Structures are given as C-alpha cells and as structure tokens.
Amino acid sequence: MNEIVKIQGMYKSFFGAKALDGMDFTIYEGEIHCLIGENGCGKSTMIKIISGFHPFDKGDLYINSKKFGKITPIEAMKEGIQVIYQDFSLIPNMTIAENITMYNDVYQNRMFVNRNKMRKMARATVKKVNFDIDIDKYVYELGVAQKQMVAICRAMALDAKLIIMDEPTTALTSKEVENLFKLVFKLKENGVSILFVSHKLDEVLKIADSITVMRNGKSVYNSRGDKISKEEMVYYMTGKKFSEERYSYIQADNNPLLKVKNYSLKNKFSDISFSLYRGEILGLTGLLGCGRNEVAKSLFGLIPATNGSVEINNEDIGIIKNVGHALKYNIGYVPEDRLTEGLHMEQSIADNGISRIIGSLVDKNGLLNMKKVQEKKKEILSLIYIPQLKPNNPARSLSGGNQQKVVLAKWLAAQPKIFILNSPTVGVDVGSKTEIHNIVKKLASKGVGIILISDDIPELMALCNRVLIMNEGHIINEKIIMDTSMEELSELIAINYKEVGKAI
Amino acid sequence: MKRIIKTNEFSVAAIITIIWILFGLVNPDILTVANLYAITRASIISATFALSCLLVLLAVGIDMSFYAVGCTSIYVVLNYLVKNKMFDTPLLLIFGASIVLAIILQLINWFFIDRLSLQPFIVTIGSQSLYKGFLLAFIGTTYITTLPTSMKSLATKYIASTTNSSGITSNLHFLVFIVIIMYVLMHLMLSYTRFGRNIYAIGADVIAAKRAGINISKTRFFVFLLAGIICGIGGMFQVTLNRAAVPADLVGQELMVIAAVVLGGGMGKQARGSILGTALGVILLSLISNSLILMKIPSYYQQAFTGIIILIGLVIQSSKGKEQAVD
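Line order of the protein sequences matches chains A and B. Start counting the first sequence at 1; every next residue gets the next number (the numbering used here). Start counting the second sequence at 1001; every next residue gets the next number (the numbering used here).
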C-alpha cells in the first residue's frame, strides 16, 4: 500500500512551548486512521502542518512519497489533502455550489467564475456522495449535519486523496453520525484515506482501520489492525490508569427531595413525572430532540412548563416560573453549551467562579467587600484542580474540560440542594472527564440530588443509579443501572417508537 | 419567484414603490419625469461613494473615512491648480491626480487595518479626522469656486431634458451614465471574478478564507486600492456637481451613505450585499429627502423620517435572517 503522508521525527514549538516533540506518523492509501489524544497533545498542530497551515521546525514530511521542506496550503491541496475543520470553514453568505467549488477555483487560479460550470460541478459532487440538497441554498440556511456534508463535498470536488476530519461527530445526532460513517466507508471504498480525529473512543473502535494515540507531542501507540480496548486507549492517552468506580447510592431517606408531577410543555414534552432522592444521581437520556433538554431547562425555570407541578421537600411549589424561583429552592444548573450559557468568556476565571454568589459578598453599605471577594475566589478555585491555573486570565483561555470545571466550581460555591447537569462532559478530554465525574459523585455522596442529562452511556453507567429514557417528549422507560447493561440501554434509547408502534 | 420575493432587494424595491406612490398622492410633482431627473442627480454623489463603502464593508467592516478621502484628494488637486492658475488642465488629468491621492489615503487605512490588525471602524474614524484636520490646517479653508474650464463644462453636460408646464427645465445629468457604468462593472467584478468572491469570503470568515488558500492581505490591498479609485472619482463628481470645492463639506454625511449600503444588505456575517441592493438603498434615501423637500417639510423632520425608514428596513432584513437561520 502506498503511503499518503509520512512524518518522521517532527518538532514544532510555539513561543517556546513544544507542540510536537518528535512525532512519527504514517497514513496509507484507502485506510481509515483514527488519531486520538487529550486536548493540547498536539493533534491540531500536526493537522495544521500536514495541511500547510503551519511550518514545522525540524523533521521529515513526505507526501505521496515526495519530501517537503515546507508546504503551503495550496500545495497541500494539490497533493490531495483536505481538512474538514470542526467549524467546517464554510462561507455562510455563499451558496452551497459556491462553497463546494471554492477551493477548486482558488487552486486553479482562475480569474473568472463560470457560474454554469460551477453549478454543474457542484451538482456532480453532491450526487457522488448521495447528498440530496438544493445547491443554490445559502450555507447559513443549513443545519450542522448539512454543513458538514457541504464541507465533505468541497473536499471531494478536488478529488481529495486524504480527508482529515477534526472531531466530525461532536455536533451530530446519532442518526447523523450513522450517515457520516456510511459515507466514510464509501469514501474508503473509492480509495480515499480518512484521518479521523476524535474524542469519542466508541466511535473510534467502530470505524478505525488503524489508530494512533498521541501524548505530549509524540506518538505513544500505533496500531495497524490489531485490537485495542478502550481502557488501553485511555491509558495511552493519559499515561494513567483510570478505573471508573461506579457511584454506589444508598437510599437514606424515604421522602423524595424533588417530585415532579405531570410536567408538560406544549410540543416539547408531556406528563413527565419522577422523584429524586437525596444523594441520588438520576440519569435522563434519549435521542437529540426527545425533549430532555427542555425538561432540564424547565426545571431550572429557563423555559417554564405549562402544566404540572413540582414538590420540593414535600412542599408543592407549582410550576418553576423563572430562574430566580429555581434559585430560591437551591436548584443549580450546568448548561449544555458552556460557551454561550455557562461562562462569561471574556471575564477572568476567578470572577467567573464567584459570579453565582456575588450577591452574598455585599456589605451593608451596598458595596462589594473586596476582602471577602478575594477570599471567596481563592476558596472556590481550590475546589477544582486546573494545572497552571492563572486566576486572572479570561475564561476563554482555558480548554473545554477546564472551563467545565470552572462552571462546576461556580455552582459548588452556591451549595445547591438539587443539581441539574446538562451534558457536562461533551467535548471534554478524558482526564478532565474523570475529574468532573469525581466532583459529581462527591457532591451526591454529600446528599445533593443530581439530575444528569447525557447521551454518553458509559457515563450514565458509571454515575447514575437510575436512568429515565425519553422519546418524543415522554418518559418511556426507567431502568435501575444495576439491572441493565450498556447494550440494553443503547437499544432502548435508539428504538424508534413510532415505527415499532405504541408497544410500550 | 419565491426566491425573488424573499430577497432583500425586493423588499427595498417594494418600500421605494410604496413611498413613491404615497408621496405622489400627496404631491403629484413627485411622480413627474422632472423629479426623476432630480432624484438621479441627487443620487450621483452618494451612489458613487456608496460603492466604495460597500466594497470596504464587505471585505473588512465599516469605513467612516470615504468622504474625507474623496474630499481631501480633490481639494488638494484643485487648490494646486488654482494657485498656479492652471485652468486649462484636461479633465482626465484632474481625475487622475485626484484618484492617485485618494488611493494613497485609502492605503493608509489598509495599512492600519490589515498590517496592524486594528478595528476598521476605529481606524477610519481616526483617519477621517486626520484627513479633515490636515486639509483645513495645511491646505486651506477657503471655498474654491473658479474651477478649471473642463470641469465647468462637465458640470452642465446633460443627456436629456424635460420642461414642465410652468416652463422649468429639468435635466438628466451625464454623470448618471458614468455611475451606471461603474455599478455594472462592480457587479460583474463581485459576481463573476474570483477576486469578487474572495471579498465575500474574507468578509464573512477570515479564517475560513485563509484555509481556502486566499491571500487575505493582498485581497484587502486591492479592495482599498479600488475604494481609493472610487473615492477619487466621487470627490471629483462632488465638486463638479456643486461647482465649488468646499473643504470639510462632506464630512458628516457618511452615515447616510452607510445607511443606504446597509439597507441594501451589505452588513453582517450573512450579508450578501449586492450592487443592486446598494443602488436601491441610495435611491430610496434620495427619494425620501427629495420628496420631503418638495412637500415643504422642514429638514429636521426629514432626518427623523429617514431614520424611521432605515430602522424599518433593518427590521425587515433581520426578521428574514431569523427565519432562515436553522441552527
């Protein structure tokens, strides 16, 4: 088999910080190669070097058996290398056809744009990957999965030999992931190599022909076809053995902490009833769009329900009307999208930490007690571990996992009684994920009632004692974790109840 | 057909039609050919500068300096010609000199915005103030009313005229032609050349454009170069039509032009600001101010009314954007 890209002993530093430290890597023609590693291990740097975006300091780069001392993005494209970035790098104010043919025009260095030819080419490409869409639509009109398809088409329009996909499944529903995988296998059949960069180890196991694990700018593991387990992957990625201990819940209290009765919101969910006990971690899962998000938000008062009632400590408080109402009863909420809902990105890490409790740091005269503020900041940041923490840096400067820890710390400071976590570990690296899990477990063991919304089945298995499964706005099943298995759970989640008929 | 109705151009055109008819009902003079000529004449200057504004807006962001650039360039040239009594200078030479100066001034903007990665809005506010101050402090503050003969004859070059019942003649000015040609050329450039599409691309997402292999700096350089050319021409048109070069006369009217361009759909990440849209935006604002004058409404009301129309236009635009955004 021919080598498409071969990297040997590659070094690259940014301002003195080593991003690549003697990296070796090879990808062959027609293989699906998965690249995994924790945040900051140098994955993106390597991709950017292959695609000509960054020059490298030292080492050998061979593309299609040709040696390159340095490579420009256009040369990389000419060698058939295409990157599909996480943000897809599409131009929103252009049509699908324009986007698909854009790279082609740039590298052929044409002066003029022939609209007919452009649309013809776009149509042919779209057909090649069985993508059924109106090519005259503007890209900003599209959903995430469709945008990704456009990006793939753009790569295909240039007869890509190697398509690098950077975390392609992060924003996709499981159905869309299935479709993507089908396409990836089809591309492979056509002799295209795929470099698949991912956090999701289950997906990696599902599609990889070979796997490279990176740590600290080096390749620490390289498989070609041989079996590797998830635990081993995690070990290679982190250099540590993580054994997730299951959270064991011991019922201490027969009175439910929270009792939700017939909670309903028009067109989103209906007749949601369940109880949550002190010290319990209750999972809430289901496919994207099943209503789990809305249930979480309505319990925190972000989108109030229209019917039903909530009892907290046997006190009927009706519907949770707004966030203030939820806070009054000590309900905490970690939103799904920490970028837009969880943190003030431009503010400092320390300020984010005290943002929830800042009201309690005010003196009688109505001004903030700066001494108290400083103490609290220290106290809150000591609740979590972030390596090389600089409290005065903006929250934006942290990696995804560390940002999520700050979100948690902010809530820990407020000492919630009921804590709703909406997909707390999406896009978080393995190390931070374990830490976040430990924080959650510790919280529960102190008697906090936790509702965990997640579609990460291993996460549900490790943390929860009960799981509620939602579909089309209803709770359709409830499982005690001890009595179920990963396979059973994923089947229960994926069943299309409409097709099966209302059997349950 | 549905696609056409959904476009921004269509809604601006609809607003123009409605306003024209409504005003026409109040004052029938507004519906005459004479008024049409008057509106086109009133549009020439802002239409020219709007092109420069659109170009920069699409590629980098709001430009506050285009009037100052055009005004300064032509004044410097005329000041020199008049002082040296060179009244026979050919028209093309005056144009050329004005354009060269305007290019230099716009490239100063480019330097700060591209090379030093500064905010276009802030940079151009600064350069606007700088150019205007430089002009008044070092070049002159006097009105220049004795123009070179070639400019004088250009000022009265008409391609059609009409006389109304009360014997007043209205003319269609020759420069309208030039403006139309400039619009057609610009449209061709934006839609059918790679340079044009690169402009949209870097305006929407610099990183994505860079990943596509587009040379950002170079594209921006040519954008500001073109903007300079247009500003030079615009300054020249301004003096020709007003038959006087007035330093600092134009500064302060930028907002009207920017409003016209934004109405035409030139603003925002999803902007596909078109040449037709810009033309319609300019016509709309000229129509409003012209008609309100004909209806003898005081100018304070005019400003307020124009403001209302701009806001309505933007509300229509943004509600469309929301409809279409899926995620």
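I should point out that these hints are in silico values taken from the structure, not numbers from a laboratory. Among the clues, some could well be false.
Unchecked claim - No more than 20 Å apart at the CA atoms, straight line, and that leaves these computed lysine to any residue pairs for SDA-like:
| # | chain 1 | residue 1 | chain 2 | residue 2 |
| --- | --- | --- | --- | --- |
| 1 | A | Lys-188 | A | Arg-215 |
| 2 | A | Lys-259 | A | Lys-321 |
| 3 | B | Lys-1210 | A | Ile-74 |
| 4 | A | Lys-266 | A | Leu-287 |
| 5 | A | Lys-227 | A | Ser-198 |
| 6 | A | Lys-137 | B | Asp-1205 |
| 7 | A | Lys-120 | B | Lys-1210 |
| 8 | A | Lys-137 | B | Asn-1215 |
| 9 | B | Lys-1210 | A | Asp-21 |
| 10 | B | Lys-1210 | A | Asn-104 |
| 11 | A | Lys-378 | A | Asp-351 |
| 12 | A | Lys-70 | B | Lys-1210 |
| 13 | A | Lys-137 | B | Lys-1210 |
| 14 | A | Lys-70 | A | Ile-47 |
| 15 | B | Lys-1218 | A | Val-113 |
| 16 | B | Lys-1210 | A | Met-94 |
| 17 | A | Lys-186 | A | Val-113 |
| 18 | A | Lys-70 | B | Asp-1205 |
| 19 | A | Lys-117 | B | Ser-1191 |
| 20 | A | Lys-218 | A | Gly-9 |
As the list claims (entries may be wrong) - Beyond 12 Å from chain A on every Cβ pair, some chain B residues (computed):
| # | residue |
| --- | --- |
| 21 | Phe-1010 |
| 22 | Thr-1032 |
| 23 | Val-1033 |
| 24 | Leu-1136 |
| 25 | Gly-1140 |
| 26 | Ser-1170 |
| 27 | Val-1184 |
| 28 | Met-1189 |
| 29 | Ser-1191 |
| 30 | Asn-1198 |
| 31 | Ile-1207 |
| 32 | Ala-1212 |
| 33 | Asn-1215 |
| 34 | Asn-1290 |
As the structure is a computational prediction, the values presented were derived from the model and not from experiment. Where a beta carbon is used, it is the ideal one built from N, C-alpha and C, also for glycine.
Please settle this one: B/Asn-1215 was flagged as non-interface, so is its CB more than 12 Å from every CB on chain A?
-> Label violated. Min Cβ-Cβ 10 Å, cutoff 12 Å.
Would you say B/Ser-1170 is clear of chain A, with no C-beta pair closer than or equal to 12 Å?
-> Answer for B/Ser-1170: holds, closest chain A Cβ roughly 40 Å.
Report holds if the minimum CB distance from B/Thr-1032 to chain A is greater than 12 Å, and violated otherwise.
-> The claim stands: B/Thr-1032 keeps its Cβ more than 12 Å from every Cβ of chain A (closest is about 39 Å).
B/Lys-1210 and A/Ile-74: Cα distance at most 20 Å?
-> holds (10 Å)
Would you check the hint for A/Lys-137 and B/Asn-1215, treating anything up to 20 Å between C-alpha atoms as holding?
-> violated (26 Å)
Would you check the hint for A/Lys-188 and A/Arg-215, treating anything up to 20 Å between C-alpha atoms as holding?
-> Cα-Cα ~27 Å, so violated.
12 Å Cβ clearance of B/Phe-1010 from chain A | holds (16 Å)
Decide, holds or violated, for the assertion that all CB atoms of chain A are farther than 12 Å from the CB of B/Met-1189.
-> violated (10 Å)
Say whether it holds or is violated: B/Ile-1207 keeps its Cβ farther than 12 Å from all Cβ of chain A.
-> violated (7 Å)
Holds or violated: B/Lys-1210 with A/Met-94, Cα cutoff 20 Å?
-> Given that 20 Å is the threshold and the Cα spacing comes to 16 Å, the pair holds.
Straight-line Cα separation of A/Lys-70 and B/Asp-1205 no greater than 20 Å?
-> violated (26 Å)
Taking only the CA atoms, is the gap from A/Lys-378 to A/Asp-351 under or equal to 20 Å?
-> Satisfied, since the Cα-Cα distance of roughly 11 Å is no more than 20 Å.
Checked against the numbered hints above, the structure violates hints 1, 7, 8, 9, 13, 17, 18, 28, 29, 30, 31, 32, 33; every other hint is satisfied.
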